[in-house]
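Visitor: Chains V and B, in that order, are what the protein sequence lines are.
First residue of the first sequence: 0, per numbering that gives the first Met the number 0; consecutive thereafter.
First residue of the second sequence: 0, per numbering that gives the first Met the number 0; consecutive thereafter.
Just so you know, the hints here were simulated from the structure itself, not pulled from any lab data.
A couple of the hints might just be wrong.
Here are the simulated DSS-like pairs of lysine-lysine, each with C-alpha atoms no more than 25 Å apart in a straight line [unchecked claim]:
1. B/94 x V/48
2. B/191 x V/4
3. V/73 x B/49
4. V/45 x B/195
5. B/91 x B/62
6. B/199 x V/63
7. B/178 x V/73
8. V/73 x B/62
9. B/191 x V/45
10. V/45 x B/94
11. B/146 x B/199
12. V/48 x B/146
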Amino acid sequence: MLTCKQFLEELNDYLDPSIDPETKRHLEAHVCECPNCFVIVDTTQKTLKVFRGMDPQPIPEDLKNRLWSALERKMAAKKGVA
Amino acid sequence: MASPGNNASGFDEQELVTRAQAGDNSAFTALVQRYQNRIYRLAKNITQNKEDAEDVLQEAFLKAYSHLDTFQRNAKFYTWIVRIAVNEALMKLRKRKTDRTVPLDEPVDTGEETVNREIAVWEDNPEQRYSRDEMQQILDEAVQDLKPDFRAVFLLRDIEELSTEETAEALGVSVPAVKSRLLRARLALREKLTRKFKRKGEDVFAHL
């Protein structure tokens, strides 16, 4: 049986959906027996879920305008060269 | 102000890149429109500074436009623009040279203990208890507290969803370094968010 430290070193693999079934079973054996690691797995998954659930907010209008102006200048300059 | 050409946004990425490389500016601006919000978020998260992030956003897309002919079509445009933006953002960080800045190629201290002091279940659905802005602030603060080299790995892997290899390449570090930093970043964030979201009262271990 793995120690908690050994299990936590493998936590990313455990959370990776492409993990091979045998490694998964090996790691799962620890989670089933260890309430602390069970909670760590659960709260790490929830941590990733809240981060991934946040869509980027639209950039401020004035910044967008500056970006477009800079791009337009660059495009015009390139056209001038061509 | 109207954006310069926005009639190409319905095309897939590869089609847009092909057209942009052939000189179609509206295709390039469609790519900018598609990714500007994510690139700005990434730049803000890495630099932790609004003005720097604005510069990074602009410089990254201008650079991409100038070097479009060097872009290899078998790569993903998004990964490419992320790499350019990350490099720009890291240059800003280095320029500022704050005491907190750690060089990204510094070896990882593998002897470091994984911190797991806060082991408690969360309240149900914290996303619903906080407004979007409050939640954003909580997450931003948690990310800000990470060391820059951990922060960059977490942002690229878990937020921008680059692969381990792409992240390693973008940051100029090894694959094992990415894996190790990602683990520590995730655990550090888990720790911080647990302090915020843990179930209060006596039922902390009620699920057991």
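Visitor: Each hint: holds or not?
Guide: Hints versus structure:
| no. | hint | result |
| --- | --- | --- |
| 1 | B/94 x V/48 | violated, 34 Å |
| 2 | B/191 x V/4 | holds, 19 Å |
| 3 | V/73 x B/49 | holds, 23 Å |
| 4 | V/45 x B/195 | holds, 13 Å |
| 5 | B/91 x B/62 | holds, 15 Å |
| 6 | B/199 x V/63 | violated, 43 Å |
| 7 | B/178 x V/73 | violated, 39 Å |
| 8 | V/73 x B/62 | holds, 10 Å |
| 9 | B/191 x V/45 | holds, 12 Å |
| 10 | V/45 x B/94 | violated, 36 Å |
| 11 | B/146 x B/199 | violated, 29 Å |
| 12 | V/48 x B/146 | holds, 21 Å |
In summary, the structure is inconsistent with hints 1, 6, 7, 10, 11 from the numbered list given earlier, while agreeing with the others.
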